[in-house]
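A.B. asks: Protein chains in written order, with our numbering: chain A, 1 to 312; chain B, 1001 to 1327.
Hints listed in this document are in silico derivations from the structure and should not be mistaken for laboratory results.
Incorrect hints may appear among the rest.
Here are the computed lysine to aspartate or glutamate pairs in the DMTMM-like style, where the Cα-Cα straight-line distance is at most 25 Å [stated by the list, open to error]:
1. B:Lys-1067 <-> A:Glu-189
2. A:Lys-302 <-> B:Glu-1200
3. A:Lys-155 <-> A:Asp-144
4. A:Lys-302 <-> B:Asp-1198
5. A:Lys-155 <-> A:Asp-44
6. B:Lys-1090 <-> B:Asp-1152
7. A:Lys-155 <-> A:Asp-36
8. B:Lys-1067 <-> A:Asp-115
9. B:Lys-1290 <-> A:Glu-139
10. B:Lys-1067 <-> B:Glu-1200
11. B:Lys-1090 <-> B:Asp-1036
Just so you know, these numbers come straight off a predicted model, no measurement behind them.
So the chains spell out like this:
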Amino acid sequence: MKAFRRSNLPVWATLVVFVLAVTAASLRYEHFFSFDVFLNLLRDNAFLGLAAIGVTFVILSGGIDLSVGAMIGFVGVFCATLMNAGVPGSAAILLALAVGTLVGLGMGSLVAFYDLPPFLVTLAGMFLLRGMALVISMEALRIDDPLFQALGHSKWVAPGLLIAVLLLGVYLANFRPFGRAVYAVGGNEQSALLMGLPVRRTKVLVYGLSGFCSSLGGVVFAFYTLSGNANSGMTLELDAIAAAVIGGTLLTGGVGHLFGTLLGVLILGTIQTVISFEGTLSSWWTRIAVGLLLLAFIGLQKLFQAGRSETP
Amino acid sequence: MRRALHPTVWAFLAWLLLLGVNLAFTPGFFSIEVRDGRFYGSLIDVLNHSSPVLLAALGMTLVIATKGVDLSVGSVVAISGAVAALMVTKGQAPLPTILAVSVGVGLALGLWNGLLVSVFGIQPMVATLVLMVSGRGIAQLLTDGQIITFQDPGLASVAGGSLLGLPNPVVVAACGLGVVAALARWTAFGTMVESVGDNERAAHLAGVPTRWVKLGAYAVCGVGSAIAGLIVCSYTKAADANNAGLYLELDAILAVVAGGTAMTGGRFTLVGTVVGALILQTLTTTILTKGVPVQWTLVVKAVAVLVVCLLQSDPFRRTVLSRRSAA
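Just chain B, with the same shape it has in the complex:
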């Protein structure tokens, strides 16, 4: 009997394959140059542009590990961006206050989702559907249906600035990864999340505070989405309630699942999620730099999703493997 490879290994191989294709066919993909004390290059672009998805996907990993799902990520992105843009255009609040309020709103929205799921016992997909549907309405209510643009250098530097030569979003995403990883692996929280996703009743009987664990997972996801929202809004120097973070929840879920965390809950891997987010962005960047017409992006993405899903599917691997051994 052959031991099945961990799904994350498949994901990592897929990413290496993608990089290999670029190494062979995209000249300059791996070149990194330093200009004005900052790194520039396709790889840095990949890291930079994958950070919003990654920030949302970190919390999503925890949520999915509890056997849940959070569909409201895109709406939280729109709301947090709207809040930040409004505060910067309408008031005199200092930047740290603005950032704190936006993230606080994300935390509150995450707790709202968590409350519906854990205390009221509503199915995660339905519970977060409420905020997904109404969230964009709330964001439009805040911005009065307008796209709010701003010139404030402080808020613009959230995505435009750099630290130690790396773009700020990359640094923020790395910090986010560090915090969530510490929370998940240095405290009992990660184990509790896995136990809740594996068998909630058994976890409850074993004394795991299942409600608090779920509440925590959705709160982390809300905070991550809000930070992603700040980055998205800062990139474009505008808050677009209709389109900011549209379908970002789907990309985040995709990153989590492509990385090897199963939608059925239980074991999760944060490293896998990072690889998943990098696969998605490398794919997009590759398509753009190869000069493939942009309308093919979604088609390529669809094929990539199917390939990753099939590689991780036991029945599929069994049929492929048995055919190979018969041959």
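Pulled out of the complex, with its shape left as it was, chain A reads as follows:
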């Protein structure tokens, strides 16, 4: 069975952990196992999920994107300022997505054409986006636009967008030549080049895709909070990377699956929900739990790798 291939094992392990976590929480809290809680889980974490999908593409190609958290802050302030200036909500969204994608493509071009380390280029991108957000407005801005209000109050929009982008991402990653090129470049760039794959184009597009996903995440975050704040999305890039790692994606590139990333995001969200259900546990336990979980999954991946190297 293709779905049970060895390389997909970490994703299954993540699924098992997610199911276990939800089961344990449902046994402990009466109202935990309900459609509403699950829908809220998706809604509360949609912006993280969207950003993490883009980051997963970048990691699969062997790179890294540190700019997604700052993008969320930038897009919120950008949209709010445009709408305060009288631009209609829909135009603001399209402009934000265009700017986000362009910034991503720009970072990708620097990585692809000048051989710059992705870590530093996207770090510069993070400084630039966070800085521009602060330059536009140091204060949090309210969003009164009726479109944003309507979309923000709907409980279906954010989860719907997340699932739609995920399915589109899976289609791109696993059923299109582009996706195969991403996996190939991440697996071994030299081989990909020798096989005649468009390595540079793939790299540029991957960062563009990540820029698009994280700016969409920023738009969803703006729906969610109905405000734009230059400081929102602080350290979100870490959560996105952590979600990908928990979902079984190797940071060396070439191995991983988008479904795993979604599960990683859901596990992070479940931990947060459980800690808020518990009431007596302080918020910092979330971070410690996420760290331990990361450690456990790294250990698991190590075991799989060890198993693989024994049977070449």
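Starting from the known structure of chain A, arrange chain B on it as the hints suggest.
C.D. replies: Showing chain B alone in chain A's frame:
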């Protein structure tokens, strides 16, 4: 064929350019006055405020030279600051004990990172991500989510006091530089670090104890970060588990790379790292003294990162040079 300049030379030129801009446009930037037996002036400020980044960046240089990276610097800063502030407010321990315990915690955390990377063979970025994510949680656990403030003159003097007219952090950073430089250049450790970063397998076959070398590099980084944490906590007379040293690891990595040590490992330059840290701080101080609105700091920093990266990129220099020779 033109011989490429060493990246550190580019970094040094960039720093000189920055100083030149200040010489021309910022009156009084170079003036240093003596008050109460202490030096005061913008240049002293630059040295003073660059010391936490420099202390973290020294260890980071070794880590990056082994082809690794340590993302947990900021978390170690938060933890060591929390430990020191807790000990000074809750107990009667003498200052040397407090400092030793904080630095010891940093050493332990550095060894933990090193253990994950060297013994368990986990990718450095993931291995140190664990501590980066959970470290701030641990610091908050220690401080119970509060910002712990203290008035203890002893701990406050770590950053506030002075020695030979220089602020203490500058002296500490200079000593740190001396120790790491001695370790790297007077013993075989530096050569071993470079060999591990260049080709780990070859180094292993040549008899280099690669695991111990990596463990050592992360331990140095942990200690440096803990000392940086003490300075940060002493500056503000408070331990803020959420914000102390936030993104300091990125500044440290930036200082290392701007100074000319490549993220691909191998050759490293401690002098370059010093120049890198000075560039970052001179840039910030310049922005502040020029009266540029503070929100532009990050934008300027982003541009500076890109310029330094591009100057060190071979393909970029090739296209620029070929265009120049064609013209």
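A.B. asks: With reference to the structure, classify each hint as holding or not holding.
C.D. replies: Hint by hint, here is what the structure shows:
1. B:Lys-1067 <-> A:Glu-189: holds (18 Å)
2. A:Lys-302 <-> B:Glu-1200: Holds, because 19 Å separates the two Cα atoms, which is no more than 25 Å.
3. A:Lys-155 <-> A:Asp-144: Roughly 18 Å separates the two Cα atoms, so the pair holds.
4. A:Lys-302 <-> B:Asp-1198: holds (24 Å)
5. A:Lys-155 <-> A:Asp-44: Given that 25 Å is the threshold and the Cα spacing comes to 10 Å, the pair holds.
6. B:Lys-1090 <-> B:Asp-1152: holds (11 Å)
7. A:Lys-155 <-> A:Asp-36: Roughly 10 Å between the alpha carbons, so the hint for A:Lys-155 and A:Asp-36 holds.
8. B:Lys-1067 <-> A:Asp-115: holds (17 Å)
9. B:Lys-1290 <-> A:Glu-139: holds (23 Å)
10. B:Lys-1067 <-> B:Glu-1200: holds (9 Å)
11. B:Lys-1090 <-> B:Asp-1036: Given that 25 Å is the threshold and the Cα spacing comes to 33 Å, the pair is violated.
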